[in-house]
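**Q** For this one, chain A is given, so just place chain B on it according to the hints.
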Amino acid sequence: MRAIIFSWEYPPRVVGQLSGYVSALSTQLAKSKVDINVVTYDDSDTGQTQEPSGVKTFRVANPVRNHIGVLTWVLTLNQEVERAAANIYYDSNKQVDLIDVHDWHFIPAAVTLKNGLGIPFVYSVESLEDHRSPNAISSYNLAIKSIEWLGFFEAERISVKSEWMKDEINRIYKVPKEKITTIATDPELWIEEILKLYNRVARTQE
Amino acid sequence: MKDKLSVMMLSWEYPPRVIGGISPHIYFLSKHLAKQDVKVYVVTCDFPGAPAHEVIDNVEVYRIDSYKNPSPDFATWVYLMNMNMQKETAILTRKLADKIDVFHAHDWLVANAGIGLKHVFRKPLLVTMHSTEMGRRDGLHSTTEKMIHETEAWLTYEAWKVICCSDYMISHVKYAFGLPNDKLVMVPNGVNVHNYDGGNDLREFRSKFALPEEKIVLFVGRLVYEKGIHVLINAVPKVLSKVNAKFIIVGSGYMKEQLLNIVRSMGLEHKVLFEGFMDEATLLQLQKSADVSVVPSLFEPFGIVALEAMAAQSPVVASDTGGLSEIIEHDVTGVKVYPNNPDSLAWGITKVLLDDNYAKNLRENAYKRVQEKYDWEKIAQQTKRIYEGVLGEYSKSFWA
Numbered sequence: 052m053r054a055i056i057f058s059w060e061y062p063p064r065v066v067g068q069l070s071g072y073v074s075a076l077s078t079q080l081a082k083s084k085v086d087i088n089v090v091t092y093d094d095s096d097t098g099q100t101q102e103p104s105g106v107k108t109f110r111v112a113n114p115v116r117n118h119i120g121v122l123t124w125v126l127t128l129n130q131e132v133e134r135a136a137a138n139i140y141y142d143s144n145k146q147v148d149l150i151d152v153h154d155w156h157f158i159p160a161a162v163t164l165k166n167g168l169g170i171p172f173v174y175s176v177e178s179l180e181d182h183r184s185p186n187a188i189s190s191y192n193l194a195i196k197s198i199e200w201l202g203f204f205e206a207e208r209i210s211v212k213s214e215w216m217k218d219e220i221n222r223i224y225k226v227p228k229e230k231i232t233t234i235a236t237d238p239e240l241w242i243e244e245i246l247k248l249y250n251r252v253a254r255t256q257e
Numbered sequence: 046m047k048d049k050l051s052v053m054m055l056s057w058e059y060p061p062r063v064i065g066g067i068s069p070h071i072y073f074l075s076k077h078l079a080k081q082d083v084k085v086y087v088v089t090c091d092f093p094g095a096p097a098h099e100v101i102d103n104v105e106v107y108r109i110d111s112y113k114n115p116s117p118d119f120a121t122w123v124y125l126m127n128m129n130m131q132k133e134t135a136i137l138t139r140k141l142a143d144k145i146d147v148f149h150a151h152d153w154l155v156a157n158a159g160i161g162l163k164h165v166f167r168k169p170l171l172v173t174m175h176s177t178e179m180g181r182r183d184g185l186h187s188t189t190e191k192m193i194h195e196t197e198a199w200l201t202y203e204a205w206k207v208i209c210c211s212d213y214m215i216s217h218v219k220y221a222f223g224l225p226n227d228k229l230v231m232v233p234n235g236v237n238v239h240n241y242d243g244g245n246d247l248r249e250f251r252s253k254f255a256l257p258e259e260k261i262v263l264f265v266g267r268l269v270y271e272k273g274i275h276v277l278i279n280a281v282p283k284v285l286s287k288v289n290a291k292f293i294i295v296g297s298g299y300m301k302e303q304l305l306n307i308v309r310s311m312g313l314e315h316k317v318l319f320e321g322f323m324d325e326a327t328l329l330q331l332q333k334s335a336d337v338s339v340v341p342s343l344f345e346p347f348g349i350v351a352l353e354a355m356a357a358q359s360p361v362v363a364s365d366t367g368g369l370s371e372i373i374e375h376d377v378t379g380v381k382v383y384p385n386n387p388d389s390l391a392w393g394i395t396k397v398l399l400d401d402n403y404a405k406n407l408r409e410n411a412y413k414r415v416q417e418k419y420d421w422e423k424i425a426q427q428t429k430r431i432y433e434g435v436l437g438e439y440s441k442s443f444w445a
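Chains as they are written, first to last, in the working numbering: chain A, 52 to 257; chain B, 46 to 445.
The shape of chain B in the complex, shown without the other chains:
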């Protein structure tokens, strides 16, 4: 018997390649699994300037040439990339004399590679479903969407366990792919509270964004319909009638022009700042400086922004939907408001901004909660236990 549990993690993104939330997820999960004495290999797509192989925080990272084949469209690119990823991972696994215990795939983007490797090496496959095509598109409308949906279904069928980041996603995935309960397991997403350590004198930093008498209301997210940013913009005058504040909007998206026009027509350009994309260091400081962080989403599989705000000790006001409903405990770790309701949102924001004691309580409880429940170390422990459980079952199968 060999010493260490080893996992081959497959992901289409890993830093510095960052397209969505999967990249930081893989980074933190792998790093903390390594701390739990798990040997982690990450196979991912290449990025200009990033080496084909490097060791980051004791994690072996391999980047494949992912733009080798001409591709007529994105979905075909994904399948061709999988062909290359599978080949490179097969070479690597063989080189390691098959000392890989499990393959762990993230989303349909690496479905083919994960499924093929499972059968070729006869090792268990686990999958984390971060999102679904059905959820992203609010239904299945085109052949491409149906093809991706079926690929997701195939992946969850082939997987030994399907991990989701919230109870909301568990029930969604169960419905979308008709999966049995005992195949699904919930492991929340994590947040690194130490990202927000240090640099506590923020007066000077704060003065770049707001006057000393203005409270800072922060929104971080893509400026798209599902994030509910228009609800916040509609709530701005309602908040301002009660309390002096500056609204800072970080992120970009197709709704930007439209939102700018609304703000202009309300004559509130001096109260609402559109900052666009922001570098991480500045964003961390801003999250710490915010008197309230707002997450007004209409659809949200998890809601990592709410967790980040909690880790930054900024009180959270979020809409009562999807993963957010689970993260926020009303009046304890944040304020829940009705989704798509500017009055309700304005009420929540005002309540936090006008009652310092209330805000302080939320801040302290939320910070404690993220450390208890959304700590990467604990999430890595839970994930390791899932691997061990699967390996226990596997050892009794005819594949072992």
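Bound-form chain A, shown alone:
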């Protein structure tokens, strides 16, 4: 199986908890014989490398340096993410089984790749805009929420780390709970459940 993970943070770039999580996840997947490719952002250290664990990384920088906010910054970075993912796709003879997108930043790229190349995606939720910015209703926050919504709508499956988050996504975005998988935190079961989820999503590819 070949999978691509999208995450806006990955070591050495650490913004929050996501970086460490994605690193542990990709290492475990590589151990489980998944051809795992992480597409992530780095301001200067760009390009493709392979880590000793077998995880392949593809780091892209933002082609536009001046920005008026996180939204425009994210939206111009997405085309570079698409370029990286498309390169992996064409270099592997168009054999990419799925994309696993962590949080909202690279949802636009995942949506284009799904609709353009037929690669299904999992939306893995670390946090939601409603929790990061409680009660914020500026058009800026609503725009981010609209991207989260797009992700829930277009994703093949949604993956969360707790029943609480499943309930929240169901409550805020009216996503049916059947579309959401809660991944066990048990270190024994964890990667197995993710592999099960990946296999389920990969099979939906046309």
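Read the hints as simulated data drawn from the structure, not as lab findings.
Some hints here could point you the wrong way.
As the list claims (entries may be wrong) - Derived DSSO-like pairs (lysine-lysine); straight-line CA-CA distance at most 27 angstroms:
(1) B:Lys253 to B:Lys291
(2) B:Lys228 to B:Lys260
(3) B:Lys253 to B:Lys405
(4) A:Lys145 to B:Lys140
(5) B:Lys441 to A:Lys145
(6) B:Lys113 to A:Lys217
(7) B:Lys396 to B:Lys219
(8) A:Lys107 to A:Lys84
(9) B:Lys144 to A:Lys145
(10) B:Lys228 to B:Lys287
(11) A:Lys84 to A:Lys145
(12) B:Lys228 to B:Lys76
(13) B:Lys219 to A:Lys230
(14) B:Lys113 to A:Lys225
(15) B:Lys260 to B:Lys283
(16) B:Lys228 to B:Lys441
(17) B:Lys291 to B:Lys396
(18) B:Lys441 to B:Lys253
(19) B:Lys76 to A:Lys145
(20) A:Lys230 to A:Lys212
(21) B:Lys113 to B:Lys191
(22) B:Lys287 to B:Lys405
(23) B:Lys113 to A:Lys228
(24) B:Lys396 to B:Lys441
**A** This is chain B only, laid out in the frame that chain A set:
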């Protein structure tokens, strides 16, 4: 190998959505490319009442929901609109089993969609730069302006070829983005001379605007500083001292009040008419009725108004700047005057109005010139040849 060359045209405006010059440009270019046996798909923003899909003059037009996401400001709206445009175009391209040969983007307003689609489908991207942020703002002053400028630079970097509508724009774009010569290609803007066919008895129409003994001097454009309308207003008394004329101003803009006050203080309200916006049919008639059409711009990337006047067989007096310098050949297809100089402008207008033979010559030469050089059919042929050239290079690349 497949039969027809097909192009996916990306534009933020297409009729009936008309914001600036890109909309009519895409309309005519697509229509005439279709006549050249090119299959054209246009993906554009929605407009109240216009269908999500229709076929116009053999061109497949798709309108996307462009106000889906809340946006804090215009620039962020543009990027969010691109996210939606890219998704819809990806769906369409996949449905067509990738039978798209090139993506053709127009201005930074569709940069992200064009760049993303290029990489996802691995097809060449072409861009037409109609204007630049640097030119529009006369420099880069705010973060927004710098961001837009960099987006333009990124788009021209990703494009296989960059098309500009005048030599002036070619040199401007080359300087603004540091592009190599072989990436730039000039294809002029076009004008449809047949728009002005028929209805040649204009006496009655003319009488709504001017007395029979008055010559009509026409200005069409936004009433903003860069269009130099204030230069024309200052030239009015100078012209009137030599010849009886009516000045008709079509268009609107922030300078309107100020200009009205100047005209009032000169006591010339009966000689200068501010018509505001005008429907196209009336405007076409008026352009045909004008004894002289004036384009006094201070900054002009192309100058489509001058071409329209030439197609309407109205003699043109234009300032010698930007794209206008290339369109007008002095004493042959029009009169060139010094920019921002009311005396020079008055001299040009008077010369045309007082010498009927001279005016007739300009009119005939200009009409011939637009048919030779600014005909949409020829422009579509040139554009098709650019597509074919790019595809030839592409076929030898590892993407093919």
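**Q** Where does the structure disagree with the numbered hints, that is, which hint numbers, in rising order?
**A** 2, 7, 10, 13, 18, 19 and 24
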